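Chemist: Let's have the full structure, built from the sequences with the hints guiding it.
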Amino acid sequence: MSASPRVVFTAAGVRRGLRASLPLWIGLLPFGLVVGVLADAKGLSLAETVLMSAIVYAGAAQLLALDLWTDPVPVLAVIVATLVVNIRMAPQGAALAPWLDRLRGVKLWGTLATLVDHSFALSVGAQRAGGRDAGYLLGVGLGLWIPWVLTTAIGHIAGAAVRFPPGHPLFFASLAAFLSILVGLSRGPDADLPPRVVAGLVAVAAHRAALPVPLPLLLGSLSGAALGAWIELRGRR
Amino acid sequence: MELRGDVLLAILGMALVSYACRAGGYAVLRAVRPPPFVEATLRHLPGALFVAYVAPPLVAGATPAWIGAAAVIGVQIATRNLGLAILGGIAAVWGAQAAGL
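Just so you know, the sequences run in chain order A and B. Following my numbering, the numbering of the first sequence begins with 1 at its first residue and continues without gaps. Following my numbering, the numbering of the second sequence begins with 1001 at its first residue and continues without gaps.
In case anyone wonders, no lab produced these hints; they're calculated from the structure. Don't take each hint at face value.
[What the hints assert, rightly or not] Derived DEER-like restraints, expressed as beta-carbon distance ranges:
{"id": "1", "chain 1": "A", "residue 1": "W230", "chain 2": "B", "residue 2": "A1078", "range": "31 to 41 Å"}
{"id": "2", "chain 1": "A", "residue 1": "G235", "chain 2": "B", "residue 2": "R1004", "range": "44 to 54 Å"}
{"id": "3", "chain 1": "B", "residue 1": "D1006", "chain 2": "A", "residue 2": "V7", "range": "36 to 46 Å"}
{"id": "4", "chain 1": "A", "residue 1": "V8", "chain 2": "B", "residue 2": "G1095", "range": "29 to 39 Å"}
{"id": "5", "chain 1": "A", "residue 1": "P98", "chain 2": "B", "residue 2": "D1006", "range": "36 to 46 Å"}
{"id": "6", "chain 1": "A", "residue 1": "W109", "chain 2": "B", "residue 2": "A1060", "range": "19 to 29 Å"}
{"id": "7", "chain 1": "A", "residue 1": "V8", "chain 2": "B", "residue 2": "A1060", "range": "28 to 38 Å"}
{"id": "8", "chain 1": "B", "residue 1": "G1095", "chain 2": "A", "residue 2": "A161", "range": "20 to 30 Å"}
{"id": "9", "chain 1": "A", "residue 1": "V197", "chain 2": "B", "residue 2": "T1079", "range": "25 to 35 Å"}
{"id": "10", "chain 1": "B", "residue 1": "R1033", "chain 2": "A", "residue 2": "G235", "range": "17 to 27 Å"}
[As the list claims (entries may be wrong)] Covered stretches of chain A (in silico footprint by chain B; criterion: 3 or more residues with CB under 8 Å from a CB of chain B, positions within the stretch not fixed):
{"id": "11", "region": "30 to 40"}
{"id": "12", "region": "168 to 180"}
No experiment lies behind these values; they were computed from the predicted model shown. Using N, Cα and C, we set each Cβ at its ideal position, and we do this for glycine too.
Modeler: Now the structure itself:
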């Protein structure tokens, strides 16, 4: 047998992942409720809300898409917005290659379907600690999928029962969610400042120019990210 | 149990691009290494995206939105808990509106 550590995929690993996801339910709860309430306020039925949470399974993307939601739905705009928010997961899958490269078929492509920020972060931690059970990644992903679908459904039912009027403080939640994610992402005060200032300015300018959604978002994020990349690469030379 | 055509199309499209990011990212990025500029842009995208999202409503927003934003940032830094930060922000907006700000 080779001396290199063998990656496995066991039911015990999945169960360990499920258990690891339990403490994260508390943080997920208000987020899911808010997405459910917002979905109801935007006129989605309970079935539509549950379907979205079940197969899109991406909180920030759902929040953003629902923000753009009108009747009839701007289909292209919400799909582009979802793509822009979720493109961050592309490098995550690649970073988990030491585990994923050993999986085949439904274990590989099914596990990837459950990839979220938290399952990525916990699995990278497990990988660095010498973990060899890729079932852990699926376990965390599944463990968060269940409360995600449940809490958005509960939020929708509560929203339909209470009928929060537009301008209710509850709808500040989308802004709050993105602000707190942003604070969590910040590494240092100066490294990220120029790209973020530019992203904000371009988005505000595009918004003032009444460009259709999601163009202000798209132009702002791409110009900011490109500036960040330029500064970073220039510094390396 | 209502499922409308345009809503269904939007949800399926969202699901498809999400899966493309999850699975396609792994499939493509392990086969080909993108140019450094593309890699660096991807790294900077989340931060820029969230700023581009919050900037227009905050610039246009009234005092309660700013008080709420300050509360979110404060709670997030203090607790590192997304759920608490959201609740803190909603509570602050609620309080500011109730105070007639």
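Chemist: Against each hint, give a clear statement of whether it holds in the structure.
Modeler: We went through each hint and held it up to the structure:
1. W230/A - A1078/B: 31 to 41 Å: Since W230/A and A1078/B have Cβ atoms about 34 Å apart, the given range 31 to 41 Å holds.
2. G235/A - R1004/B: 44 to 54 Å: 50 Å, holds
3. D1006/B - V7/A: 36 to 46 Å: 43 Å, holds
4. V8/A - G1095/B: 29 to 39 Å: Roughly 52 Å apart at Cβ, these two residues miss the hinted range, so it is violated.
5. P98/A - D1006/B: 36 to 46 Å: The hinted range 36 to 46 Å holds for P98/A and D1006/B, with Cβ atoms some 42 Å apart.
6. W109/A - A1060/B: 19 to 29 Å: 43 Å, violated
7. V8/A - A1060/B: 28 to 38 Å: Distance hint for V8/A, A1060/B is violated at roughly 53 Å.
8. G1095/B - A161/A: 20 to 30 Å: Holds: the Cβ-Cβ distance is about 24 Å, inside 20 to 30 Å.
9. V197/A - T1079/B: 25 to 35 Å: 27 Å, holds
10. R1033/B - G235/A: 17 to 27 Å: 20 Å, holds
11. 30 to 40: Holds: 3 residues of the region 30 to 40 of chain A have a Cβ under 8 Å from chain B.
12. 168 to 180: holds (count 10)
Hint compliance for this structure: hints 4, 6 and 7 are not met, and every other hint is.
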